[in-house]
Amino acid sequence: MINSSAKRPQLVTTVSRRRLLNASAAAAGGFVAGTILPSPVLQALADQCDANNCDLHKFGATNINYMTSVKHQGPCNACTAFAVVATIEGTYNRKNFGASGDKGLNLSEGQLFYAAGPKDKCYLSHWWPRDALPYCTQVGLAREDEEQFAFWDNSTPKPTISNIKIAGSTSLIDSTNLNKTKQNMKNWIFQTGPVIAVMVQYEDFQAFGDAWATSHPDAENTNVYFPGVGGSPGGVIGGHVVSIVGYSDTGTPKYWICKNSWGKKWNGDGYVRIAQGSGASGECYIESLEVLGVLLS
Amino acid sequence: MASGWTGLAQTLNIQFDTNLDDFAKKFKDKHGPNGNGDAAQGKPAYKFGQFVDKHGGLLNSAAERGRFLIDSGSRHWDGSINILEAVVKHSLTHEKPAGTPKPKKIKFLDILTDPNATHARVEVRDHNGNQINAPNDALIEPAENFVVQITCPPST
Chain Z
77 MINSSAKRPQ
87 LVTTVSRRRL
97 LNASAAAAGG
107 FVAGTILPSP
117 VLQALADQCD
127 ANNCDLHKFG
137 ATNINYMTSV
147 KHQGPCNACT
157 AFAVVATIEG
167 TYNRKNFGAS
177 GDKGLNLSEG
187 QLFYAAGPKD
197 KCYLSHWWPR
207 DALPYCTQVG
217 LAREDEEQFA
227 FWDNSTPKPT
237 ISNIKIAGST
247 SLIDSTNLNK
257 TKQNMKNWIF
267 QTGPVIAVMV
277 QYEDFQAFGD
287 AWATSHPDAE
297 NTNVYFPGVG
307 GSPGGVIGGH
317 VVSIVGYSDT
327 GTPKYWICKN
337 SWGKKWNGDG
347 YVRIAQGSGA
357 SGECYIESLE
367 VLGVLLS
Chain G
34 MASGWTGLAQ
44 TLNIQFDTNL
54 DDFAKKFKDK
64 HGPNGNGDAA
74 QGKPAYKFGQ
84 FVDKHGGLLN
94 SAAERGRFLI
104 DSGSRHWDGS
114 INILEAVVKH
124 SLTHEKPAGT
134 PKPKKIKFLD
144 ILTDPNATHA
154 RVEVRDHNGN
164 QINAPNDALI
174 EPAENFVVQI
184 TCPPST
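Protein chains in written order, with our numbering: chain Z, 77 to 373; chain G, 34 to 189.
Please keep in mind that the hints were generated in silico from the structure rather than gathered at the bench. Incorrect hints may appear among the rest.
[As the list claims (entries may be wrong)] Cross-link-like lysine to any residue pairs, in silico, SDA-like; alpha carbons within 25 angstroms at most:
1) Lys241/Z <-> Gly216/Z
2) Lys63/G <-> Thr133/G
3) Lys63/G <-> Ser308/Z
4) Lys197/Z <-> Thr151/G
5) Lys341/Z <-> Leu371/Z
6) Lys140/G <-> Asn178/G
7) Lys197/Z <-> Gly132/G
8) Lys195/Z <-> Ala150/G
9) Lys197/Z <-> Lys63/G
10) Lys63/G <-> Gly304/Z
11) Lys195/Z <-> His152/G
12) Lys76/G <-> Lys195/Z
13) Lys241/Z <-> Leu371/Z
Could you put the whole structure together from the sequences, leaning on the hints where they help?
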């Protein structure tokens, strides 16, 4: 679910907010030119998301959260389901936030995982997001708040007429130009919503968030993760999938803001800042493997 | 599985054959004289996948390197990966006589797919065809060279 109404900017409609953002971005040398002149307060809101910085889970001066709460995938290798669903929810909520009566989406990761996931289920070795998305297009996902599905209920899901379908997805990777890929990702996050991204998971990634959660429980970790940040990165565990909800080009190093699926306690609040890659070795290749934006119906 | 490994077996075979001495030197430069790392010098212990990915000549793009690392991750292997890691370390740090590098060749066979497998596994044999069954198997030291057969689950 999106945040409570107390955090909503009451007078800003979806349409006017987008124009404000566009105007602000254009002024900053950013994306698309707009026409509406915002008030100082609204300008401050718009300035929170521009070509250099954006955070869809703490958006603007009033910290609008377009993302649902951080979930916990448990011991299952189900990160793909959680990242895909988080990205669909965030994209929908970004588009529809503030629309009359809309309370945002909270969709069923369990449905996606058990209905569309590979046969090995919790012990699967690979399940790429591109293989999960067709189900979201063809069948769609039920709203979890309708209690049709719980994550650990692996009974056969029954598609309903109220399932939320997406129109498809689009790859944001330019295989010959990493900087273009990064720009594609930032443009998408700024204009449309979060993106799905696959990364290489080293042993020190989970330890990074575990250590912070122990020493700073419930506090956001503003340190940026990269393999080997605390010494040796350890071995590679495999692939991992997250939903990238923001970016910063003014931090050192530049980083992505990622919604993880290891619970709200991990790394303080369940989110993690991951260093943007350079295409060199010794990184988690988060821009290079599979980066997808979802298209709403 | 193994989607990042297309053609890699042949490339690795070149490194473990005609480029073996240079390959072994770079390995020790990165992972220490025994492949077990050297914390004082900031050298990490060797883990499967984390040597090959450093060589741009083997994996040409960031996407290839990343996919290879994912395929080499511990989540996707049964315990036999420990045997392969031990054999690679032994091969690339071997000296005879002591102090004189004499790395041993490793031949990688084309990767097989097992439709019933849930994890990748590896079979390592010595020059006589005897299977190496443990990371400390007594067959490793006297082996003249090794043959490696990797079997993967089907790609999803």
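Hint by hint, here is what the structure shows:
1. Lys241/Z <-> Gly216/Z: Distance of about 4 angstroms is within 25 angstroms: holds.
2. Lys63/G <-> Thr133/G: holds (18 angstroms)
3. Lys63/G <-> Ser308/Z: At roughly 13 angstroms apart (the allowed maximum being 25 angstroms), Ser308/Z and Lys63/G satisfy the hint.
4. Lys197/Z <-> Thr151/G: holds (10 angstroms)
5. Lys341/Z <-> Leu371/Z: violated (30 angstroms)
6. Lys140/G <-> Asn178/G: holds (8 angstroms)
7. Lys197/Z <-> Gly132/G: violated (50 angstroms)
8. Lys195/Z <-> Ala150/G: holds (11 angstroms)
9. Lys197/Z <-> Lys63/G: Roughly 37 angstroms separates the two Cα atoms, so the pair is violated.
10. Lys63/G <-> Gly304/Z: holds (15 angstroms)
11. Lys195/Z <-> His152/G: holds (13 angstroms)
12. Lys76/G <-> Lys195/Z: With a Cα-Cα distance of about 39 angstroms, the restraint between Lys76/G and Lys195/Z is violated, given a limit of 25 angstroms.
13. Lys241/Z <-> Leu371/Z: holds (10 angstroms)
Consistency with the previously given hints fails for numbers 5, 7, 9, 12, ordered from lowest to highest.
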